[in-house]
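Once you've looked at the hints, go ahead and assemble the two chains, each given alone in its own frame, into the complex.
Each chain, written out:
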Amino acid sequence: MAKINSPVELEEFRKAILNRRDPDKSCITLCSGSACNASGSAAVARCLEEEIEKQGLSESVEIRKTGCHGFCERGPIIVNNPGGVCYLQIQPEDVPEIISETAKEKRVIDRLLYTDPESGEKITHEGDIPFYKNQQRMVFGPNLSIDPKSIDDYLAIDGYAALSKALTGMSDIEVLEEVKKSNLRGRGGGGFPAGQKWEGSRNAAGEAKYVIVNADEGDPGAYMDRAILEGNPHSILEGLTLGAYAIGAHEGYVYVRQEYPLAVENLLLAIEKAEEYGFLGKNILGTGFDFKVIVHQGAGAFVCGESTALMTALEGRVGEPRPKYVRSNIKGLWNQPSVLNNVETWANVPLIINKGADWFTQFGTEGSKGTKIFSLVGKITNTGLVEVPMGTTLKDIIYKIGGGIPGGKKFKAVQTGGPSGGCIPENLLDLEVGFDELTKAGSMMGSGGMIVLDEDTCMVDVARYFIEFLTDESCGKCTPCREGLRQMLRILTNITEGRGQEGDLELLETLAETATEAALCALGKSAPNPFLSTLRYFRDEYVAHIEEKRCPALSCKELINFYIDPEKCRGCGSCLRKCPADAIIGGKKLIHIVDQDKCTKCGTCFDACPDKFAAVTKLSGVPVPAAVPEEERTIKKSK
Amino acid sequence: MSEILLEIDGQKVKAKTGMTVLEAAKAAGIRIPTLCYHEKLEPYGGCRLCIVELGAGERKKIVVSCVYLAEEGLVVTTRSEKIDRIRRTIIELYLAHAPDAFELLELAKEYGADRDRFAKEASFCVHCGLCVRYCAEVKKKFAVGFVDRGTRKEISFVPEIAAEECWDCKECFPLCPTEALQAAFVLMRALSL
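In order, the protein sequences belong to chains E and U.
The numbering of the first sequence is my numbering, which starts it at 17 and goes up by one.
The numbering of the second sequence is my numbering, which starts it at 1464 and goes up by one.
Check the hints yourself; a few may be wrong.
Said to hold, decoys possible - Heads up, simulated DSS-like pairs for lysine-lysine below, C-alpha to C-alpha not over 27 Å straight-line: (1) E/340 x U/1545; (2) E/340 x U/1489; (3) E/541 x U/1604; (4) E/340 x U/1602; (5) U/1475 x E/340; (6) E/628 x E/573; (7) U/1602 x U/1583; (8) U/1603 x E/541; (9) U/1604 x E/340; (10) E/634 x E/617; (11) E/456 x U/1604; (12) E/584 x E/573; (13) E/456 x U/1524; (14) E/120 x E/70; (15) U/1633 x U/1603; (16) E/347 x U/1583; (17) U/1503 x E/347; (18) E/541 x U/1545; (19) U/1524 x E/340; (20) E/340 x U/1523; (21) U/1603 x E/340; (22) E/340 x E/411; (23) U/1524 x E/565.
Claimed, not checked - Each pair of labels, with its calculated beta carbon distance range: (24) E/316 x U/1569: 53 to 63 Å; (25) E/316 x U/1577: 50 to 60 Å; (26) U/1642 x E/316: 47 to 57 Å; (27) U/1481 x E/297: 52 to 62 Å; (28) E/297 x U/1519: 37 to 47 Å; (29) U/1586 x E/412: 49 to 59 Å.
Just so you know, these hints were derived from the structure itself, not from any lab.
All C-beta atoms in this analysis are idealised placements derived from N, C-alpha and C, irrespective of residue type, glycine included.
Isolated chain U, as found in the complex (with noise of 0.2 Å):
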């Protein structure tokens, strides 16, 4: 693998060929926040946090950095004003759903966020897609999977191959960055009875 020489915050970092920006940064000791990353998964690019932007002045252009493959002579910025405002409205959009998520929280403070901004409307899930994938591409059990679309969309448990293969693993459960929120979701929905 030849290594490439790219420029992130002003900064000159070296990465290898076929690495992602988000993966350059990371090497570097670069902070770039994410959600939906999973450094054993393939990226996703659904929770569109790790935005960041490329190039300068008039041309500059914004793209998802776990999926963008860093390459040479590339000029990336994770911070601005803009990146900073879109995360922030990314956040608030999540807190609607999961207002007392402990990831949410703390980058709900170290961008701003505001956890009442958004109509709330509670469903602890926030499609990440770490637990579908997780058991898909790492322990190829396919035992949860999304269904329905769009703002309908749900995961759920297939119940022949979660009896059969789940009881034991549970790997997904601390994947989940609203696995705090289980509890008082199923307490909620309880007490909505």
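Chain E extracted, bound-state conformation (with noise of 0.2 Å):
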């Protein structure tokens, strides 16, 4: 393939490759992101190809396997165009009948479409399911319909429209003008305004600078850079050159996590077609702008997502944050001026580029503009990656697309902004999503990970779990971080296990102070957080487990007990015949009694009692009822 030189010779080549493309022409869409090969769409892709050779249809039916559609609860997922017929959960026995019927013969089969929960109604189009219908899909929208492998795809979706048009009709300053005026805010975490970043590294001395694309995406639960790495990576590498030409870089990073394998693939060759058609290498388009791109696999610690801790990482050493107080804008990788932003942040820019920062600045609230992709999972009926304007409430995220809480349970809190982040109460399910909005509730954005609880979740526990988390990836620099995480998470775990007295609460919150003020980075200043959070909302789960040695979530092993109440028991031994300790006593019409000496408080016994028996409890910070006399155990014949 032959460079492409100019912006003629790109809508020439782009008019070429739509032309080339029958609309009519069918052709089967299939989510093949990570989360839905996990779910076998690696299968389902070779029984597509099998199945459209055996029933000789392959001129006419086409096979695209795109990224992530975001519902990864039904995936894999299989769009039919044209006529966009939207199938869901789909395994390789079910192929053979989407090839005949719906391929071939154009019919809708009903047993794999959506059913509206409320209605009962089949959905047939993938934009009417609920999870998608309420969302705005700007940045994540093309995942859908291009395969993240070929780059005529992205063209045919105005692919590099944004790079050419200011390559050739927009100086360096406008590019950054555009950006500054969009207001685009930092997706990663700190919400830090790019056009400013990017401005102080165009200002800075440097004989060098740098533009780099922070994907060492670690925030548990939370994969929205991944999706759009895998199945867009073109955007994000046009968005970078955007920044480079903006600030006056030739060179680029992109450090992603070595986890990501599927997301590495992907760049690799998009970088390589890049350079091959001209979008990237020397003389970019014919206009003289020189730029490459190189990929940087990090070696597994959270902290180098940290801004300086990652440069530090690119430099060949270990990532550990830099306690300079100078901005990395400023003197950043090898100590020249280095603009760094996440995966999402640079896939906005060409959005903002093609269509005007008055376009971008339509969305959102009046200090976060755009949308934001969330990753929304736990106790949550739809799980899955959710794009959505700046300002939609939590409580439309959470009920309208994620649609609540499964199995009758109740909502207790989402926790948002990653492991440093913090968790939102109930009463606060108005709030409107925004950078300041968050912090304010004493939360934050973050990357956009939201995990849902439910009323079984202990916040206790769950202040527990974060902070056992980042004391594991503490790079253990600084002393208020590792030292002071090490005793936040020996008392934390203390009271989760009934050991907690009086005093912890306090030291607990001196501790959480040394750390905000006197941590070296932003991990170590944000660390607290999970335990301050939940102690604004939720100080009473704290007291009763410090104080009547009761978890009000019945969650915490320590402080419960399995107990069987005699009058419900109905003798049916399912739980006898499960207990994995030999912990439960009774036979035949005989009530059952849980040995609290044997019992490990595994939970199978509860799970394993009839729903319409409900015999099995758990009770925490009361003694356990005696055991009915073994004379008495006798079940009369109910009613």
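Listed below in structure tokens is the structure:
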């Protein structure tokens, strides 16, 4: 392929791609992101290929393996075009019917459609499913229609048009000004205005300047960056190149975690193709602008998502944050001005240049413009990736899009912002999501993690879990973080195991202040947040654990007992058969008893007891009633 | 080098451009406690004992003085209720590892730190990194380094280099703020076997 040497050539090339495509040709798109691969997408893809061949449709039906569609709860997802019929949770055995019925005969297979849980109606098109209908997918949208391994697919949806527009029709300052005007804020955590960061680098003195993609996505349960990296890598490369042009950089890096092999594969291929086409490398689009991108795989440290630690790691040294009070956009990688933005931030840039800052700022709130992708996980009906305009309420995200809490359970809190974020309680569900709004509520936007917690979740244990994660991931350089977290974890563990003491909360607050005020980097400074935000909204749970040795959520193992209500037990033996510890005493037509000395509190009996009896209960903070004497255990015939 | 004027604890202090707040304070005879600082080494910013407050009123912020560069007109406070409280907590966290280190006990006395406030976890190393950085920056031998990360991090000699270099050097030993504990630590380890 000869390089594309001018915007005119690009438009001609684009037209040729579109002309070659027959919109009436049958095309089956299959979600092939990491999440769907785990649900068997690769096997479905093989079956599709075989079946198309077998049914002699190789000429008339094509397959397009796209990135993540976001509705991971129901993957793998197939959309048949033209027509847009959407099938969910596809398994290999469904494939022959899809090919013969839908691809060939254009008939819809009802059983594979989405069923609306409220109305019971079948929904044919992906966009009409409530999960999608209430989203606004500006950044994430192209994932549904392009094969990330095909640069032509990206070009077919106007890819690299922003780059072409900027390099030939806009000065570098104009690009910078447009991004500044858009008020795009960093999607990786801090929410720092990207334009301001770029401007600092542009104006700073340096022998070389760098632009860097932070793709070290490490928050538990968060995978929005992975979805863009895997599903639309060119959008990131285009954004990065625009940034390089605006600040005068000729070298860029993508720091991507090693745990993302498919992202790395698609990214490397995208770079290779972009170089081949002339969107990267020397003399881009014949404009004389040079820019190359290097992919660096991380070695597995959460702290390397922190900007200075990331740059230190890029330099080949141990990934620890730098103590200097100089911003990395002034002195960053190899002490040169370096702009570091996260994946989603970069992916927003082509949109802003293409459609303009005025278009971009119509979405969002006063302080937070555009959309944000959230990774909605935990106790939620529709697990997946969700892109909504800033300013959407938490309630809408959790209920309208997420479908609420499964199993008839009650909502308790939503944890946002990754491990150093915080928990937001039910009475704040009308909160509109935005950088400042979430910070004010004691949590943060972070990179967009959203973990829904239901009534069975113990908030003290949530704090303990995240502090444990952060203790494990602390780099250990500064004392308030390394030693402070170690002690916080110890105290929180004691509380959840029934060894909490008076004064523990004050001690935790002192440690939290020490880390917040004196830790070296943002990870350490925000590390106490899981404790602080749960204390702010759920202090009563802490007090119950410490003073009454009671876990109100009936979740902390050391503080609960399993007890069979003699009034309700029908002697069915389900629990007795399943107990792995032989801790249940019972027999035919006998009331069953839990032997507390043998019980390992695994909860098997609780799950095993049939719902109609619900005889197994959890007790906390109260003594276990004495067992019914042996001679009185025979169950009389129920009415 | 041009001179700048700043204020530390109400005292006008002269400093040269490029000096850190800690260096400026030292030069003026104002003491700020440190543990990981060494004049021959690059500032590390690890122990966080040398924190000071900048500015006044609502807009006060806490920085570490060993890294923060002195600026014209800067107003620095080296002791306040808050600074002392944080330093005390840091000292107490150290004492959980090395409850008998002389340097730490002296600091504990000054700041009223309770050496039993936190659960003990004996490991004489307090991660100041003085030995590691001295060996790398001054001696350029790299015979001792950190291994692992976070709470599992510890210092370790590289046997191949140490065998060649360390016997005649040992310059890192007196730098260690818990040096006196090493014997106790080794003894304790022997006794616990």
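Does the structure keep residue 120 of chain E and residue 70 of chain E at a Cα separation of 27 Å or less?
-> holds, 13 Å
Please work out if residue 340 of chain E and residue 411 of chain E have their alpha carbons no farther apart than 27 Å.
-> Not OK: residue 340 of chain E and residue 411 of chain E at ~41 Å, beyond 27 Å, violated.
Taken at face value, is the distance from the CA of residue 1604 of chain U to the CA of residue 541 of chain E at most 27 Å?
-> violated, 34 Å
Would you say the C-beta atoms of residue 1642 of chain U and residue 316 of chain E sit inside 47 to 57 Å of each other?
-> 34 Å Cβ-Cβ, so the 47 to 57 Å window is violated.
Mind checking the alpha carbons of residue 340 of chain E and residue 1489 of chain U for me, to see if they're no more than 27 Å apart?
-> Status holds; Cα separation ~20 Å.
Given the hint that residue 1524 of chain U pairs with residue 340 of chain E, does the C-alpha gap stay at or below 27 Å?
-> Holds, because 15 Å separates the two Cα atoms, which is no more than 27 Å.
Is the straight-line distance between the alpha-carbon of residue 1475 of chain U and that of residue 340 of chain E 27 Å or less?
-> Satisfied, since the Cα-Cα distance of roughly 25 Å is no more than 27 Å.
Holds or violated: residue 1633 of chain U with residue 1603 of chain U, Cα cutoff 27 Å?
-> Distance ~14 Å between residue 1633 of chain U and residue 1603 of chain U Cα, so the pair holds.
State, for the Cβ atoms of residue 316 of chain E and residue 1577 of chain U, whether the hinted interval 50 to 60 Å holds or is violated.
-> violated, 38 Å
So does residue 297 of chain E sit 37 to 47 Å from residue 1519 of chain U, Cβ to Cβ?
-> violated, 54 Å
In this structure, is the beta-carbon distance linking residue 316 of chain E and residue 1569 of chain U contained in 53 to 63 Å?
-> Violated, since residue 316 of chain E and residue 1569 of chain U (Cβ atoms, about 40 Å apart) do not stay within the stated range.
Would you mind confirming whether the straight-line C-alpha gap from residue 634 of chain E to residue 617 of chain E stays at or under 27 Å?
-> holds, 10 Å
When the structure is compared with the earlier hints, violations turn up for hints 3, 7, 8, 11, 16, 22, 23, 24, 25, 26, 27, 28 and for no others.
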